[in-house]
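For the record, the sequence lines run as chains X, Z and B.
Note that my numbering has the first sequence beginning at 1, numbered continuously upward.
Note that my numbering has the second sequence beginning at 1, numbered continuously upward.
Note that my numbering has the third sequence beginning at 1, numbered continuously upward.
Bear in mind the hints are in silico, worked out from the structure with no lab data behind them.
The beta-carbon is built from N, C-alpha and C at its ideal position, and this holds for glycine as well.
Please note that a few of the clues may not be correct.
As the list claims (entries may be wrong) - Short derived list, chain X residues pointing at chain B, Cβ under 8 Å: (1) Arg23; (2) Ala27; (3) Gly97; (4) Asp101; (5) Asn102; (6) Gly103; (7) Asp107; (8) Phe110; (9) Thr111.
Said to hold, decoys possible - Below, a list of computed lysine to aspartate or glutamate pairs in the DMTMM-like style, where the Cα atoms sit at most 20 Å apart: (10) Lys7/Z <-> Glu39/Z; (11) Lys112/X <-> Glu92/B; (12) Lys64/B <-> Asp107/X; (13) Lys22/Z <-> Glu45/Z; (14) Lys66/B <-> Glu81/B; (15) Lys109/X <-> Glu107/B; (16) Lys109/X <-> Glu94/B.
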Amino acid sequence: MFGKNSISPAAPLSHSQINEDVRITGAITVSEPLVMAGQLDGDIKADNLHILSTAIIIGDVTAQSVTVDGRVIGSIAADKVYLSTTAHFEGQLNCQGIAIDNGAYVDAKFTKELVTNG
Amino acid sequence: MDKLGSKTIIGAGSTFIGKIAKARVIEVHGKVNADLTAEKVTIGEDGHFDGSICAELVVVSGHYKGKMQAGSVWATATASISGKLHYKTLQMDRGAALNCHIIHNWTEKNAIAAQTDKDDAGLPLAKTSDKAKNGALQTSPEKGA
Amino acid sequence: MSAKTYEQTTSLHEDTTYIMGDVIMEGSLNGGDHPVVIDCQFNGDITAIDVIIREQAKVTGAVKAKTAVINGHFNGNLVCESLNVTATGIVEGEVQANALSIDLGAEVIGSISRKNTKSK
């Protein structure tokens, strides 16, 4: 069971950050919290992931918890997913807990399967 | 949350066609085309009900068409009932329009008892008051007046 | 809670359709110009401006509304402009909504797409 505030849009202790003018083609794997503000054409695997409003990710996202303020086209597999007002998500959403704020653009297929932490 | 208890209200302007089961108290202000078994049914002034109702208490202020089997029926001044009406007690306010077949609800037991007494005497059952006046009409053993 | 807010705004107005209790309704319901609040089992279609599915409710079928608030169980096809699934809500099936909000705790299984992309 989650409390209402267990997912908050505030960035966790950001150990890694990818700035907004960075463009990456390829895969990103981190085993620590990641704040993503840049553009990624590929997959991303992280622990706690915060996708900022300037970020554009085209690919698959796998994480324990994801906060999306930006654009994700592809799939998200996570335990907890939070799509904020500025989020834009298209694709598959596989998660245990989901929260979506009014205003988010969502065009998704929802499934609920246990995510094994990569 | 349960301010209304288990009351079902079909608001004015709503339309429902289908089946209703296990209703207890239902108020119809819109159009309903359904068969219904309930405890208490109220058809509001703007309500239209098409279908059969089997209930203990029915208060009709609107339109009803169908077969109604009820214990107690109250047709108010704006009521309009057509079809068939089986009732145990009926109150009709001045102004109510009843264009239906109205049957006072004889239970099977009463119907059989009436039939049996008729056969015994060969004559219809006399009323107690009549009996008192005209002793000659005493045809069947009854509790004396 | 969103459900309470809705209750306050659409307070026991005479024209709101309330379907509560142990009732089981099957068929098609058109709420007219007024909200529809469902607190029971309903199988079939609902077309209304506002649809509120309460926590104990179980609605199966097709729902077309302008705004929908789901606190209970919904299974089927939902087309609306604005959707709010609260923490106790369970939505299964296909949803088409333009404005969307899902509270933490809600269960969504199926697909959510935008209403504009599909022609009505």
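Each hint tested on the structure:
The criterion of a C-beta within 8 Å of any C-beta in chain B is not met by Arg23/X, whose closest approach is roughly 27 Å, and the hint is violated. Below 8 Å, beta-carbon pairs count as interface contacts, and Ala27/X has none with chain B, the closest being about 27 Å; its hint is therefore violated. The beta carbon of Gly97/X comes within 6 Å of a beta carbon in chain B, closer than 8 Å, and the hint placing it at the interface holds. The criterion of a C-beta within 8 Å of any C-beta in chain B is met by Asp101/X, whose closest approach is roughly 6 Å, and the hint holds.
Checking Asn102/X against chain B by beta carbon gives a least distance of about 4 Å; that is within 8 Å, so the hint holds. A least Cβ separation of about 7 Å between Gly103/X and chain B falls short of the 8 Å threshold, and the interface hint therefore holds. Interface restraint check for Asp107/X: the shortest CB-CB distance to chain B comes to about 5 Å, inside 8 Å, so the restraint holds. A distance limit of 8 Å between C-beta atoms decides the matter here; for Phe110/X the minimum to chain B is near 5 Å, and the interface restraint holds.
A cut of 8 Å between beta carbons decides the hint on Thr111/X: the least distance to chain B is about 7 Å, and the hint holds. For the given pair, Lys7/Z sits about 11 Å from Glu39/Z by alpha-carbon distance, which is consistent with the 20 Å threshold. For the suggested pair Lys112/X and Glu92/B, the alpha carbons sit about 11 Å apart, so the restraint of at most 20 Å is met. The straight-line distance between the Cα atoms of Lys64/B and Asp107/X is roughly 18 Å, inside the 20 Å bound, and the hint therefore holds.
For the hint pairing Lys22/Z with Glu45/Z, the CA-to-CA distance comes to about 24 Å; that exceeds 20 Å, so the pair is violated. For the proposed pair Lys66/B and Glu81/B, the alpha carbon gap of about 5 Å is at most 20 Å, so the pair holds. Only pairs whose Cα atoms come within 20 Å are accepted, and Lys109/X paired with Glu107/B is accepted, the gap being roughly 13 Å. As the CA atoms of Lys109/X and Glu94/B are separated by approximately 9 Å, the hinted pair is consistent with the 20 Å bound.
In this structure, the earlier hints numbered 1, 2 and 13 are contradicted, and the remaining ones agree with it.
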